[in-house]
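Number of protein chains: 2
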Amino acid sequence: MNRSELVGEIRKKESFLCVGLDTDFDKIPAFLKKLDDPVFEFNKRIIDATKEYCVAYKPNIAFYEVLGSKGWESLKKTIDYIPDNILTIADAKRGDIGNTANMYSKTFFELYNFDAVTVSPYMGLDTLVPFIAFKNKWTIVLGVTSNPGSKDFQFISNDGQAVYQKVMSDTAKLYGSSNTMFVVGATRGEEIAHARKCAPGHFFLVPGVGKQGGDLKTVVQHGFIQDCGLLVNSSRGIIYAGSDENFDDKAGEAARLLRDEMAGLLRDHNF
Amino acid sequence: MNRSELVGEIRKKESFLCVGLDTDFDKIPAFLKKLDDPVFEFNKRIIDATKEYCVAYKPNIAFYEVLGSKGWESLKKTIDYIPDNILTIADAKRGDIGNTANMYSKTFFELYNFDAVTVSPYMGLDTLVPFIAFKNKWTIVLGVTSNPGSKDFQFISNDGQAVYQKVMSDTAKLYGSSNTMFVVGATRGEEIAHARKCAPGHFFLVPGVGKQGGDLKTVVQHGFIQDCGLLVNSSRGIIYAGSDENFDDKAGEAARLLRDEMAGLLRDHNF
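Taken in sequence, the protein lines are chains A and B. Each residue of the first sequence is one higher than the one before, counting from 44 in this note's numbering. Each residue of the second sequence is one higher than the one before, counting from 44 in this note's numbering.
Derived from the structure by calculation, the hints contain no laboratory data. Any given hint might turn out to be false.
Since copy identity is lost for identical chains, a pair holds within one copy or between any two.
Stated by the list, open to error - With a straight-line cut-off of 20 Å between C-alpha atoms, the simulated SDA-like cross-links for lysine to any residue are:
| id | residue 1 | residue 2 |
| --- | --- | --- |
| 1 | K55 | A306 |
| 2 | K149 | D69 |
| 3 | K194 | D169 |
| 4 | K120 | V109 |
| 5 | K119 | V109 |
| 6 | K194 | Y218 |
| 7 | K77 | G280 |
| 8 | K216 | G192 |
| 9 | K180 | L168 |
| 10 | K194 | S212 |
| 11 | K194 | V172 |
| 12 | K149 | F68 |
| 13 | K194 | Q204 |
| 14 | K180 | V109 |
| 15 | K149 | E116 |
| 16 | K178 | R46 |
| 17 | K216 | P191 |
| 18 | K87 | D123 |
| 19 | K180 | M44 |
| 20 | K209 | G192 |
| 21 | K120 | P81 |
Model, not experiment: these values are computed from the prediction.
Generate coordinates for the entire structure from the input sequences, incorporating the hints supplied.
Next up, the structure:
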């Protein structure tokens, strides 16, 4: 899915919502656990209930990996089930040298056919190349995160420029906004504004709304650009909105509420 | 495997060699491809041929992930096959916030029963906690790497202290040398010396000897401590030393040569 197609979906749905499929086997409603593939059955119902309100799904790979081979099968079925007009993001945060990065890019872009994958920049710009080399795929580079420890290394400053700012500026200069995005933590408006200066034309994937405490209005205020330039993720606030047989209705309701809030904000920005 | 057991193995074998199981399906000798699980059969023969000369095996997870569910099964069989007196390291370079890191730690320490896992520090010290919380397991934190792009962000300097030095110093202060190690790239003696100053008592996993161009003598000169404190990895130089039916003999020979060099260096240091 290219940028204009993604922006087209945002316009059509009046939403820049990404639903995080952090599907924890222990939190799946009991009645689904009797089925053959509870993780897929859970995701399928979540997708059916929310696909009208979101433009992206982001499975968190850790939650599938921990289930072994069966988890990877559930992941594959989930990706195959997601409609083609919705962006699929592997939240994998991989990062390694050339031939290893090459394997990781093949895993997510070819084997599982994701549209996008998150990667960690610690090892340097050359480690991003195998991902970015894929045509019609998105590489989403960790910029600034919202966890307490994000201050430890991302904010080390040289001549007034923090590490995360250099990561974003250098990556944005090398790699165009048509196939690269950044992860930008949502809890601090100031950081979103700084991040936006480093990468004025790139999409941001903002993971902090919901349980991580970000505020949608702040994100839009500091991160919005002409063609939106934002994907805002919510995981637990949507997929665990309910816990019994009508969990999917509750998830749909939670997604619809966020979409409605997004639609209002998009209108405020004459989008 | 705890530190004194690991050091005991190093003494016994006169070796601090780690064999990297970066098993690329395309490079497996043709005669093995007729078997049911060529990746495991390849690893099994490599392990049989090299186990006398090494103290650790390090499967590179990317090479298994790219094969889907079958790859994870080959990985599991490989780990189960490695003798208990040899350290098993998952080269995974994972790094994510609390509940996600928790899943990754369970994957490698519980499901696959690795002794150690490599992790990326970009997101901060708190993201290491779920790994370090595991009893009798090792967390190996990326310090400085040897790829060309390592300069991009690891060497950003604040008051004369590079990012990688802060990563290592801060981690070493918080987390003891009995269950934490660092990845230290091998191509530059100066960096190994700097890294050693940041973490004087921790083991280093040095991945750069062999195809990545590191020199064993330089590594020992700058990194050796009283109980050795080094694991030096070689992957391609060993596992692809041969390419036909006697590939395992060639691998054993390559491992033995490195062990012999290591034994000489250990004696030079009165170990």
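Within, between, both or neither: K194, Y218 at alpha-carbon 20 Å: between (26 Å within a copy, 18 Å between copies)
At most 20 Å between C-alpha atoms: does K180 with L168 qualify within a copy, between copies, both, or neither? Within. Shortest intra-copy distance 17 Å satisfies the 20 Å Cα cut-off; inter-copy 31 Å does not.
Check K55 against A306 for me: Cα-Cα at most 20 Å, and say if that holds within a copy, between copies, both or neither. This pair counts as within: shortest intra-copy Cα distance 10 Å, inter-copy 68 Å.
Give the relationship of K216 and G192 under a CA distance limit of 20 Å: within one copy only, between copies only, both, or neither. between (27 Å within a copy, 15 Å between copies)
Intra- versus inter-copy proximity for Q204 and K194 (alpha-carbon distance at most 20 Å): both (14 Å within a copy, 16 Å between copies)
Is it within, between, both or neither when you check K149 against F68 at 20 Å Cα-Cα? between (27 Å within a copy, 13 Å between copies)
Same-copy or cross-copy closeness of K120 to P81 [CA-CA at most 20 Å]: within (12 Å within a copy, 26 Å between copies)
Since the copies are identical, ignore which copy is meant and state whether K87 and D123 lie within 20 Å (CA to CA) inside a copy, between copies, both or neither. Only inside one copy: K87 and D123 sit 10 Å apart there, 34 Å across copies, limit 20 Å.
Up to 20 Å between alpha-carbons, please classify K77 paired with G280: within, between, both or neither. Intra 25 Å, inter 49 Å, cutoff 20 Å: neither.
With 20 Å as the alpha-carbon cut-off, assign the pair K119 and V109 to within, between, both or neither. Both: 15 Å inside a chain and 13 Å across chains, each within 20 Å.
Which holds for K194 with D169 at a C-alpha limit of 20 Å: within a copy, between copies, both or neither? between (24 Å within a copy, 10 Å between copies)
From the Cα coordinates, with 20 Å as the cut-off, is the pair K180 and V109 best called within, between, both, or neither? between (26 Å within a copy, 17 Å between copies)
Of the hints listed earlier, the one the structure fails to meet is number 7.
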